[in-house]
Structure formats: structure tokens, C-alpha cells
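Peer 1: Sequential numbering of the sequence shown, starting at 1, is according to the numbering used here.
Hints listed in this document are in silico derivations from the structure and should not be mistaken for laboratory results. For each residue, glycine too, the CB sits at the ideal point set by N, CA and C. Be careful, since some hints might not be right.
Stated by the list, open to error - Distance windows between CB atoms, simulated:
#1 Gly292 x Gly152: 37 to 45 Å
#2 Ala298 x Glu104: 22 to 30 Å
#3 Asp289 x Arg219: 15 to 23 Å
#4 Glu112 x Arg219: 22 to 30 Å
#5 Ser314 x Ala249: 17 to 25 Å
#6 Val290 x His261: 15 to 23 Å
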Amino acid sequence: MRPILGARGDALACLRTELSRRRRVVSDEEEKCLLHDFPGGRSTVRFSRSRTPTTTRSFCRTARARSCTSVRARSSRRATPTARRRPHSPTSRRRKRSGRATTEPTRSIEIERTYDVSAISALPDLAALPGVSDVSESELRVLDAVYLDTAGFSLARRAVALRCRTGGPDEGWHVKSGAPEGRREWGWPLGDHPVGHSGAEHPGARAVLDHPAVPSDVRAAVAQWCGDDDLHPIARVRNDRHAILLRDASGAVVAEFLDDHVTATELGAGSTTSWREWEVELGPAAPADVRGREKFFAAVDAAVASVGGVPAASGSKLQRALGR
1 MRPILGARGD ALACLRTELS RRRRVVSDEE EKCLLHDFPG GRSTVRFSRS
51 RTPTTTRSFC RTARARSCTS VRARSSRRAT PTARRRPHSP TSRRRKRSGR
101 ATTEPTRSIE IERTYDVSAI SALPDLAALP GVSDVSESEL RVLDAVYLDT
151 AGFSLARRAV ALRCRTGGPD EGWHVKSGAP EGRREWGWPL GDHPVGHSGA
201 EHPGARAVLD HPAVPSDVRA AVAQWCGDDD LHPIARVRND RHAILLRDAS
251 GAVVAEFLDD HVTATELGAG STTSWREWEV ELGPAAPADV RGREKFFAAV
301 DAAVASVGGV PAASGSKLQR ALGR
């Protein structure tokens with residue numbers, strides 16, 4: 001047994017120690033409660049083996065438990081967002097929006113004319129075309145494209161083309177289909193597929209030939225024409241392209257003149273054919289109305305004809321590669 005004053009002193013010391021851990025002092029209300037537990041007079045307090053007053057020990061244990069619980073709660077609140085946070089990247093943002101990694105395709109309408117020319121044909125006078133004030137230097141682009149279709153040519157029969165092309169500013173996966181004027185084109189980047197390089201052989205096209213795995217987004221885009229039928233390579237088109245930009249007085253591109261030297265292989269029979277063709281594709285500064293575009297292309301037709309060129313016999317490089 002110990003005098004009440006000793007017990008009261010120990011109790012107050014324990015309380016102050018515990019509350020100091022919580023970074024605050026004993027309040028008046030808490031001290032009143034403690035004095036109520038240890039009243040004055042001749043009362044006594046029984047001690048446990050820990051030499052801490054029983055009532056005080058219970059108070060301290062309760063306070064400590066609440067303090068620990070509060071700390072755990074605060075820690076868990078801080079830890080939870082960190083545990084759920086994903087690395088900051090465009091891929092993770094796309095996954096959050098759609099539930100899977102996706103890439104939105106680029107979309108465009110190609111309005112162009114194609115001409116068959118001989119291997120020795122000289123270029124026409126491009127500066128004389130209406131609206132053209134500047135003709136750029138020629139830029140070489142080494143392109144390598146692999147076209148895919150079903151065993152029954154479901155895409156080709158609907159005038160749709162699916163290809164993986166390396167080289168040039170728009171290398172990637174492309175889907176082309178007909179439009180009231182020109183052709184619609186959707187484009188996806190190569191992503192994890194090997195990227196080609198300037199040279200005789202492009203590893204990207206080679207990889208598609210060896211392992212023709214079409215990305216899921218591209219596969220979904222062509223499903224409307226071929227369903228779930230398997231897609232496999234049907235043709236390979238390699239092209240040494242000389243690109244020339246035709247600009248107006250403000251520097252905007254009216255059209256792009258493409259001098260293509262093509263070698264195509266039909267992969268079924270293994271037959272190879274080569275030819276030269278010109279493409280003239282309208283740019284952002286081309287005439288905005290149909291009549292203006294017809295006038296521009298009429299001038300192109302005349303310029304090409306003056307050096308021996310004629311409108312292309314085939315509708316596309318793929319059709320020519322397939323002998324159509």
C-alpha cells in the first residue's frame with residue numbers, strides 16, 4: 001500500500017507522459033477526472049506489479065490504444081493513395097479512360113491522282129501549276145510495306161487495304177477505304193513493332209512477314225469488312241520515293257509530288273514486278289471547293305502528259321502487285 005499522494009503523483013506523471021507523446025498537455029478536465037479516480041483523504045490505491053496505479057494504467061492503456069489507432073488510421077490514409085497510384089505515362093492515362101491500352105488513330109482523306117511514267121521520264125514543270133509559288137528540293141524516302149488480307153481477299157474485294165509500312169514520316173499501320181472523293185485513311189504508330197530504317201531491308205516489314213500479328217485496335221477497325229477471319233501477308237511493296245512539296249506564296253503546301261520507283265512482290269506466287277509512277281496528293285492549301293480541285297488536277301494532267309505520262313492503269317500499288 002502507498003499513500004494517496006504517491007499514487008496521485010504517479011498517475012499524473014503517467015498521464016502527462018502519455019499525453020506528451022500526443023504532443024499536448026494535461027487539460028483541466030482530464031486532471032479533474034484523475035483526481036476523481038484518486039480522491040483526497042485517507043483512501044488508498046492498490047498497485048500492480050508494474051508499480052503503476054491500476055486505474056491510471058487503464059487510463060494510460062486506453063489513451064495509448066487510441067493514440068496508436070489514430071496513428072494507424074492516419075498512416076493508412078496516407079498510404080492508400082500511394083499504393084493505388086500508377087506511374088504517370090500516356091499509356092496509363094489511356095488505360096484509365098478505356099480499360100485497356102489503346103491508341104486513337106489518325107484520320108485523313110487522301111485526294112490524289114496517280115500516273116504511269118517510264119523509267120527515263122523527266123519531271124514536268126511543277127512551278128507552272130496554279131497556286132504554286134515554290135517547289136522544294138526532292139527528299140528521298142525508302143519505304144517498305146507489307147499488305148495483309150484474308151484467304152478469300154475479303155478486304156481487296158471491298159477496295160480496302162491494310163498495310164504495315166516502315167520508313168517515311170507516317171510509318172505505321174494504315175487502313176484505306178473508298179470515299180466519295182479520294183480515299184479515307186486511318187493510321188496507327190508501329191508501337192512495339194520494330195521500326196524500319198533507310199536501306200534495302202526494313203526489319204519492321206520483315207517482322208510482319210515472319211509474325212503477322214495485327215494490333216488489336218487495327219484488327220477491330222477492319223472487322224467490319226473481314227469479321228474474325230485470319231489475316232496474313234499477301235504482298236510486299238518496296239518503294240524509293242522522291243517527295244517534292246509544292247507551296248503557295250505563304251509557304252503552305254498546295255500539293256505533294258511523289259516520284260515513286262516501286263518493286264512489288266505477290267507473296268502467294270512469289271512473282272515480282274517493278275515500275276515507276278507519279279502521285280500528286282493535295283495538301284492543306286489546296287483549293288477547298290470541288291471545282292477548284294478539278295481545275296488544279298486538269299493542269300496536273302496536262303503537265304504530266306507533256307512529258308509522256310498517262311493516268312495509272314491500276315487503282316493502287318496493291319492492285320498492281322496482285323496483277324489487277
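Peer 1: Next, verify each hint and record whether it holds.
Peer 2: Going down the list of hints, with the structure as the test:
no. : hint                        : result
1   : Gly292 x Gly152: 37 to 45 Å : holds, 41 Å
2   : Ala298 x Glu104: 22 to 30 Å : violated, 37 Å
3   : Asp289 x Arg219: 15 to 23 Å : violated, 37 Å
4   : Glu112 x Arg219: 22 to 30 Å : holds, 27 Å
5   : Ser314 x Ala249: 17 to 25 Å : violated, 36 Å
6   : Val290 x His261: 15 to 23 Å : violated, 32 Å
Of the numbered hints listed earlier, those contradicted by the structure are 2, 3, 5 and 6.
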